[in-house]
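Asker: These protein sequence lines map, in sequence, to chains A and B. The opening position of the first sequence corresponds to residue 508 in the working numbering, with each subsequent residue numbered one higher. The opening position of the second sequence corresponds to residue -4 in the working numbering, with each subsequent residue numbered one higher.
Since the hints were derived computationally from the structure, they do not count as laboratory data. There's no promise every hint is true.
[As the list claims (entries may be wrong)] Computed from the model, here is a short list of chain B residues facing chain A with C-beta under 7 Å:
#1 Pro30
#2 Ala84
#3 Ala88
In this text, a Cβ means the ideal position worked out from N, Cα and C, and glycines have one as well.
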Amino acid sequence: MKNTVVTSQAPAPRGFRDVLQEELAARCADNPRYSLRAFARDLGTDHSSLSQVLRGRRRLTERTLRAFGAALGLDASTLDGYVALEARRADPGADEAALRSVRELTEDALAVVSGLEHHAILELTHLDAFRPDVSWIARVLGLTPDEVNIALQRLIRLGMLTMEAPDRWRDLTGDRTTVVRHVGRDTVRHLSEQVRRRALDEAAGDAGREFSATTLAVDTARVPEALERIARFRRELVELLGADGARDGVYHLEISFAPLTRTPPETP
Amino acid sequence: MSKPVTRWQVITPDPAAHAAFYESLFGWTTDADNPLAYRQVTKGAEGGADGGFWPAPPGTPPFVQFYVQVDDVPAHFERATAAGAEVLAPPQALPDGEHLAILKDPQGMPFGLVGGGGS
Chain A
508 MKNTVVTSQA
518 PAPRGFRDVL
528 QEELAARCAD
538 NPRYSLRAFA
548 RDLGTDHSSL
558 SQVLRGRRRL
568 TERTLRAFGA
578 ALGLDASTLD
588 GYVALEARRA
598 DPGADEAALR
608 SVRELTEDAL
618 AVVSGLEHHA
628 ILELTHLDAF
638 RPDVSWIARV
648 LGLTPDEVNI
658 ALQRLIRLGM
668 LTMEAPDRWR
678 DLTGDRTTVV
688 RHVGRDTVRH
698 LSEQVRRRAL
708 DEAAGDAGRE
718 FSATTLAVDT
728 ARVPEALERI
738 ARFRRELVEL
748 LGADGARDGV
758 YHLEISFAPL
768 TRTPPETP
Chain B
-4 MSKPVTRWQV
6 ITPDPAAHAA
16 FYESLFGWTT
26 DADNPLAYRQ
36 VTKGAEGGAD
46 GGFWPAPPGT
56 PPFVQFYVQV
66 DDVPAHFERA
76 TAAGAEVLAP
86 PQALPDGEHL
96 AILKDPQGMP
106 FGLVGGGGS
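All chains, please: the whole structure from these sequences, using the hints.
Answerer: The following block contains the structure:
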């Protein structure tokens, strides 16, 4: 089962520093005890250096960027994009092509993050019954062969999938669950719409599925605890379903927990 | 060994319509009965290069890519990148047994390598 935070693989046009800040924020949200010091340790650096990088006081060298990126599990092609972007920032006269390349890569990566079919194809390759045949994939996922081929091109281009032998395709993102977190609202909306459409699709058959939503009034002081439980639940489910056994289906779990009300002003 | 252009590919957001146009114009036929569901063109005559129509995301301007036949795709891929080409798709083993890689030349034009996988 995969456990990739795909969001981190989407090179945001704002730069690698923003990725680090978003990742730190995400980890702090997942774990209230997480800190800058812990993040520095996970990235293989000291907290003073990391702090300077995050505040823009220290330049991100290519070596540091690649080391941090590797620690975050980003793939080489994504890191190439960030390196090009940082080079462009350091030298405003750098080749326009470098920026264009980053833009193309960004579009590809965002399409992968928000397109359910990409994750589904990667997961399919782990099935015992997987067949490296576009018509078969299209039939299983309810897509057209053209849609499958467009997704395949993106996955190969981003280094997430390889056809390593005529009868063997390999998911290069690892044998883990794909987790999509902390992406832009449009991306989340697009992914949610696809999932909802699929979940309600009668043609998908009556195989086990759960589709429910609850709206409730909450004590906002307990929200951090709720977020922690959600993260734990997701981990436990991944462990349960990732255990040994036949792999004969691809499922998507989507958890959405967000305020419908704006934060009330603090009472004096 | 000579390295001829043996294949072309039209990359288009509407491969069905694109294929239909050329079928009606030149009497070509396309056949997608292969593991990649790739619309291959059968010209029905000797000579010339074979080709096909490959899907692109909506909004992509259609363009043509040429493929050079080589005996060792990975080796030529290395030579191309050393000469400044950018990688679009590293060498892949296609279901029909052929190998393929797609690169962008230093001037920004994509092209493909097709053929054997080397040793």
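Asker: Against the structure, test the hints numbered earlier, and report the numbers of the ones violated in rising order.
Answerer: Violated hints: none at all, because every hint is consistent with the structure.
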